Amino acid sequence: MRHIISVLLENEPGALSRVVGLFSARGYNIETLTVAPTEDLTLSRMTIVTAGSDEVIEQINKQLNKLIEVVKVIDLSDGDHIERELMLVKVRAVGNDREEMKRMSDIFRGRIIDATEKDYTIELTGTGSKLDAFLSAIDRSAILETVRTGASGIGRGDRILRI
Amino acid sequence: MELNGAEIVVRCLQEEGVDYVFGYPGGAVLHLYDELFKQSKVRHILVRHEQGAIHAADGYSRSTEKIGVALVTSGPGVTNAITGIATAYMDSIPLVIITGQVPTHAIGQDAFQECDTVGITRPCVKHNFLIKDVKDIAATIKKAFYIAGTGRPGPVVVDIPKDITHPSQKAEFDYPKSVSMRSYNPVVKGHAGQIKKALQLLLSARRPMIYAGGGVVLGNAAPELTQLVRHLGFPCTNTLMGLGGYPASDRQFVGMLGMHGTYEANMAMQHCDVLLAIGARFDDRVIGNPQHFFEEPRTIIHIDVDPSSISKRVKVDVPIVGSVRPVLQDLIKQLQASKEKPDAAALKTWWKQIDVWRSIDCLKYEKTDKIIKPQFVIEKLHELTKGDAFVTSDVGQHQMWAAQFYKFDKPRRWINSGGLGTMGFGLPAAMGVRLANPKATVACITGEGSIQMCIQELSTCKQYHLPIKIINLNNRYLGMVRQWQQVDYSSRYSASYMDALPDFVKLAEAYGHVGMLIDKAVDVEPALKEALKLKDRLVFMDFITDQTENVWPMVKAGKGLSEMLLGSEDL
Chain A
1 MRHIISVLLE NEPGALSRVV GLFSARGYNI ETLTVAPTED LTLSRMTIVT
51 AGSDEVIEQI NKQLNKLIEV VKVIDLSDGD HIERELMLVK VRAVGNDREE
101 MKRMSDIFRG RIIDATEKDY TIELTGTGSK LDAFLSAIDR SAILETVRTG
151 ASGIGRGDRI LRI
Chain B
1 MELNGAEIVV RCLQEEGVDY VFGYPGGAVL HLYDELFKQS KVRHILVRHE
51 QGAIHAADGY SRSTEKIGVA LVTSGPGVTN AITGIATAYM DSIPLVIITG
101 QVPTHAIGQD AFQECDTVGI TRPCVKHNFL IKDVKDIAAT IKKAFYIAGT
151 GRPGPVVVDI PKDITHPSQK AEFDYPKSVS MRSYNPVVKG HAGQIKKALQ
201 LLLSARRPMI YAGGGVVLGN AAPELTQLVR HLGFPCTNTL MGLGGYPASD
251 RQFVGMLGMH GTYEANMAMQ HCDVLLAIGA RFDDRVIGNP QHFFEEPRTI
301 IHIDVDPSSI SKRVKVDVPI VGSVRPVLQD LIKQLQASKE KPDAAALKTW
351 WKQIDVWRSI DCLKYEKTDK IIKPQFVIEK LHELTKGDAF VTSDVGQHQM
401 WAAQFYKFDK PRRWINSGGL GTMGFGLPAA MGVRLANPKA TVACITGEGS
451 IQMCIQELST CKQYHLPIKI INLNNRYLGM VRQWQQVDYS SRYSASYMDA
501 LPDFVKLAEA YGHVGMLIDK AVDVEPALKE ALKLKDRLVF MDFITDQTEN
551 VWPMVKAGKG LSEMLLGSED L
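These protein sequences, in sequence, are chains A and B. Everything in the first sequence is counted per this note's numbering, starting at 1 for the first residue and increasing by one. Everything in the second sequence is counted per this note's numbering, starting at 1 for the first residue and increasing by one.
It is possible that some hints are incorrect.
Stated by the list, open to error - Partial pick of chain B residues on the chain A-facing surface, computed with a CB cut under 8 Å: (1) Pro123; (2) Ser183; (3) Ser311; (4) Phe405; (5) Lys407.
Hints listed in this document are in silico derivations from the structure and should not be mistaken for laboratory results. Predicted model, so just to flag it, every value in this text is computed and none were measured. Ideal Cβ positions, reconstructed from N, Cα and C, are used throughout, including at glycine.
Produce the entire structure from the sequences given, and follow the hints as far as they go.
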């Protein structure tokens with residue numbers, strides 16, 4: 001099953017590689033991983049999307065907690081949460097396609113953040129499946145380049161991860 | 001007081017009460033060696049290879065309750081040390097390893113003797129640090145000792161670039177009294193409610209079993225384990241790492257369990273209805289095939305300081321996270337306060353069954369005076385040292401025989417590489433053991449394959465007058481490899497025969513030690529006696545043993561615990 005795990009860890013050099021090393025050494029899979037400092041600059045927050053049986057997810061949680069620099073771990077999928085991913089996609093936009101591309105972007109509530117006479121760069125935010133849906137809705141051959149951040153997640157309401 | 005980086009490092013070691021540092025100098029640690037030279041509190045032991053330094057610090061730690069310390073240089077100093085670090089990591093041994101690094105400005109430039117020490121050691125340490133400022137040295141070393149020795153212990157590497165220890169780099173020295181880390185707070189006390197649940201299960205058990213591992217030894221909980229087992233009257237088994245955690249000569253001890261465990265221990269493990277696991281981790285060499293293990297229903301209680309060891313390979317019913325010793329103390333307290341007693345009738349029936357299993361006498365071997373049986377040598381060693389020696393071992397058949405036939409009654413007497421299975425561990429580990437226990441008899445049980453992996457340390461033993469007794473069980477084969485080839489590969493002995501062995505007697509003599517060749521069974525006892533009498537000499541005893549002897553019982557890889565082979569007739 002898919003899980004989205006949030007980790008607060010010391011903002012130290014090498015902390016990220018400990019987490020990544022743990023996943024590869026123990027054969028856990030990482031679908032996406034994002035990390036950046038929080039409002040408290042001594043802490044980073046990481047969101048990891050992974051998949052595995054209940055036993056594997058339990059081990060992932062325990063092994064993450066065992067890392068010396070990890071302060072807190074929660075499995076967001078244990079309760080209500082919100083998840084967002086940012087995608088930048090550069091598409092061919094010439095002739096008749098140009099208007100169509102703008103329309104598709106509007107339907108998916110994307111924003112065109114850069115344009116030339118030949119292409120658009122569209123910014124799109126949403127769950128991973130919404131971004132996938134956009135990519136399959138447009139003409140595949142029109143896609144010049146995509147870049148995705150991977151999911152970030154946060155608990156709903158009073159589900160708060162902080163120290 | 002303002003001190004330079006190298007002075008600070010040495011002062012930190014003094015503050016930690018470190019008496020020995022095992023190491024090998026090199027360019028990146030010259031400032032440190034210069035400071036070591038100027039003082040006498042911390043004594044440096046010069047090994048002959050960095051692997052030996054780590055194993056020696058490891059042996060020192062295993063035989064005491066202290067943290068072992070090693071010092072190596074950058075690049076090859078570190079890569080040579082990796083085997084030792086990984087060995088300590090797998091067996092949860094607390095070490096602090098100080099490694100030199102190229103100067104800060106040269107890091108990443110592929111400098112001479114540079115390697116990414118933090119990166120290369122990351123998967124085999126509990127934690128590691130790269131110090132980038134002389135001001136951080138004291139706090140980092142304090143943290144390193146704290147992390148190494150608390151919770152589930154393990155090795156910690158502190159990498160220090162050469163410029164940080166330069167005499168011109170100074171900082172105020174103030175060794176922290178304590179450490180507090182928001183991200184690291186190991187649990188000590190167990191949950192009282194869980195302990196209560198465990199007690200009720202134990203008291204209601206009809207076929208109980210206590211399975212104790214290295215955590216009992218490392219957690220200094222052998223007296224508590226013994227008290228608990230005796231109070232309950234239950235059978236107890238130890239893992240390879242846990243030997244000595246419960247006295248092997250006691251009737252309630254059913255022997256080691258696992259791949260080469262006793263018949264009675266493995267059968268009791270398989271057929272018990274309530275299992276209390278203490279500081280053990282249900283690894284593949286212990287329970288064999290987990291599916292087979294699950295076929296018999298049982299309720300499992302698991303006490304461990306490391307939550308990730310619980311329900312990792314085997315689903316546990318009552319987990320108790322905490323240091324083994326305080327948890328056992330609480331359990332004993334609750335047991336003493338309880339009015340209930342274990343079911344005496346059920347226990348009697350259970351012991352009757354265990355005695356039937358025991359009567360198979362699975363460790364029997366042919367008594368003969370025609371050839372030296374390796375088991376016989378170990379039995380004699382046990383007898384002549386009154387079971388009170390420190391015994392280190394390498395890895396292979398001799399290790400299993402030592403575990404089976406040297407009956408350890410005390411913890412921290414049996415020093416071996418159980419997790420990583422590192423050949424070459426025994427001799428350097430014995431050096432650390434002997435330095436930590438300067439009056440003790442220290443025997444290194446090894447084989448002609450393993451001993452050659454760190455043979456250079458014979459020179460260290462000479463330099464520091466370490467009178468280790470080396471018991472070389474020489475069967476001219478990589479015995480355990482040969483045994484598996486016999487069992488699983490139709491006796492095709494691929495690369496397991498040792499041809500062109502050195503003359504070990506001459507070799508020992510060349511290093512300035514005493515060498516003995518023993519090739520007759522009748523000479524075993526007199527030779528051991530003579531060697532033990534030479535209290536101030538290292539004696540290398542080369543026993544020419546039966547080439548075809550195998551370790552029995554054996555649970556083949558992937559098989560279940562109750563599917564033991566008891567001897568060649570089962571092949």
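Check your understanding: So which hints don't hold here, by number, going up?
Key -> 4, 5
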